[in-house]
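Novice: Whenever a hint applies, use it, and build me the whole structure from the sequences.
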Amino acid sequence: MKILILGSGGREHAIGLKLSQSPRKPVLIFAPGNPGMAELGTCHPVAADDIPAVLTLAKKEAVDLTVVGPEVPLVKGIVDAFQAEGLRIFGPTAGAARLEGSKAFSKDFMTRYGIPTAAFQTFRELNPALTYLEKTGAPVVVKASGLAAGKGAVVCQTLTEAREAVESMLGPNAIFGEAGSEVVIEEFMDGEEASVFAVCDGKNFTLLPTAQDHKRIFDNDMGPNTGGMGAYSPAPIMTPALLERTCKEVIRPTLDGMQKEGHPYQGVLYVGLMLTSKGPKVVEFNCRLGDPETQAVLPVYAGDLLELVLAAAEGKISDTVEFPKANRSAAIIVLASKGYPGSYPSGLPIQGLLEANTVPGVHVVHAGTKSKDGAAVTAGGRVLGVVGQADSLSEALKAAYQGVDCVRFEGMQYRKDIGQRGLKALG
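Residue numbers (numbering that gives the first Met the number 0): 0 to 426.
If you're looking for bench data, these hints aren't it; they were derived computationally from the structure.
Computed from a prediction, not measured in an experiment: that's the story for all the values here.
Mixed in with the good hints there might be a few duds.
What the hints assert, rightly or not - Keeping only pairs whose Cα atoms sit at most 25 Å apart, straight-line, the calculated DMTMM-like set for lysine to aspartate or glutamate is: (1) Lys280 - Asp107; (2) Lys397 - Glu354; (3) Lys280 - Asp255; (4) Lys415 - Asp218; (5) Lys280 - Glu313; (6) Lys259 - Glu313; (7) Lys247 - Asp220; (8) Lys415 - Glu354; (9) Lys415 - Asp404; (10) Lys315 - Glu243; (11) Lys397 - Glu243; (12) Lys75 - Asp48; (13) Lys423 - Glu191; (14) Lys59 - Glu84; (15) Lys214 - Glu166; (16) Lys337 - Asp416; (17) Lys58 - Glu84; (18) Lys280 - Glu260; (19) Lys247 - Asp107; (20) Lys202 - Asp255; (21) Lys277 - Asp218; (22) Lys247 - Glu283.
Said to hold, decoys possible - Per label pair, the in silico range of CB-to-CB distance: (23) Gln82 - Arg23: 19 to 27 Å; (24) Tyr112 - Gln20: 31 to 39 Å; (25) Lys150 - Gly113: 24 to 32 Å; (26) Lys202 - Glu394: 34 to 42 Å; (27) Lys202 - Ala61: 28 to 36 Å; (28) Phe217 - Leu422: 14 to 22 Å.
For every residue, glycine included, the Cβ atom is placed at its ideal position computed from N, Cα and C.
Specialist: What follows is the structure, given as structure tokens:
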């Protein structure tokens with residue numbers, strides 16, 4: 000069986016690693032891929048969101064299944080294009096992917112179907128948004144409605160911060176461009192965040208292990224938001240009771256609502272939750288697996304990912320939800336370039352990858368790397384992810400940080416407190 004995986008980051012490397020472990024022994028093709036994925040299969044220099052070029056590649060290679068990693072091609076309608084050609088693909092259609100592609104649509108959808116989330120208002124003009132802020136006060140959350148690479152949500156502790164965030168999106172500078180032309184202002188929710196992943200076939204779903212991400216660049220959740228600096232799975236705070244409630248109050252009504260509106264949801268529904276004093280509420284939906292959560296979730300998933308993805312793509316997931324049982328833990332530490340999430344250098348030599356991969360329970364996933372003269376060099380903000388697996392979260396974290404100690408590149412930065420909330424929850 001030939002599988003085409005679209006994307007070039009750590010998430011797609013992790014997906015390739017897990018799919019390669021299937022008893023079906025699939026042949027893996029990546030577009031565009033990275034040096035880590037090149038060790039698993041063949042990489043083609045085709046952008047994941049260049050839909051005509053990806054279609055051509057899939058036909059030329061006689062691909063049996065395409066798995067979409069990032070959100071941009073999904074929002075642009077790659078699933079619709081493949082289905083129109085009779086090609087099997089895993090991911091939501093453009094109509095269903097609006098749950099991530101438009102936060103305004105997503106919030107309105109949740110309101111229509113009674114899905115718990117923060118109170119909100121949406122705006123396309125600056126002055127009405129500023130007037131609304133005077134009524135709400137702070138703290139408050141300001142979000143670009145469109146796709147902003149995980150950096151479009153700003154938690155504002157003061158009115159001054161809130162005004163600056165709104166003006167940066169709706170003002171003359173418009174830092175997120177069209178993605179910020181519509182802004183969602185919502186109430187600040189107090190609590191702890193967690194991530195739940197439902198693999199859906201349009202009607203039914205099953206769950207992958209849960210996770211917790213670390214968005215801020217610096218220790219103790221300080222500094223600006225990033226695409227994610229580390230994660231661990233499973234998340235101890237997501238008890239079976241909380242999972243059951245999330246399925247009943249969030250995932251099931253979402254699938255039923257999307258089906259009712261003519262956009263059955265097939266693919267991964269990533270539910271970002273805030274665990275408030277009043278129960279779990281949705282922070283946001285994503286239409287794909289998370290990055291870097293995937294790199295921790297898939298190693299502890301005990302099933303065959305290929306069989307699960309095929310079942311979802313073919314509408315054959317059982318209507319009995321099985322809560323994931325993970326008897327191991329995994330943690331990922333993201334190694335980022337100096338300056339990230341702002342501007343950063345690239346092309347810097349990376350040392351110690353072979354050494355890190357020999358640490359027991361450790362493997363390294365490539366994210367922002369490229370090959371130069373046969374060696375890996377930096378080529379992105381988030382460069383690598385060091386993943387540790389063990390029987391307990393504490394041992395998984397210990398292994399991951401031992402792996403981190405092996406890797407070196409100029410200006411390398413990473414958080415040293417990944418997983419502390421999970422350890423605290425475990426007591």
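Novice: Which of the listed hints are not met by the structure?
Specialist: 5, 7, 11, 21
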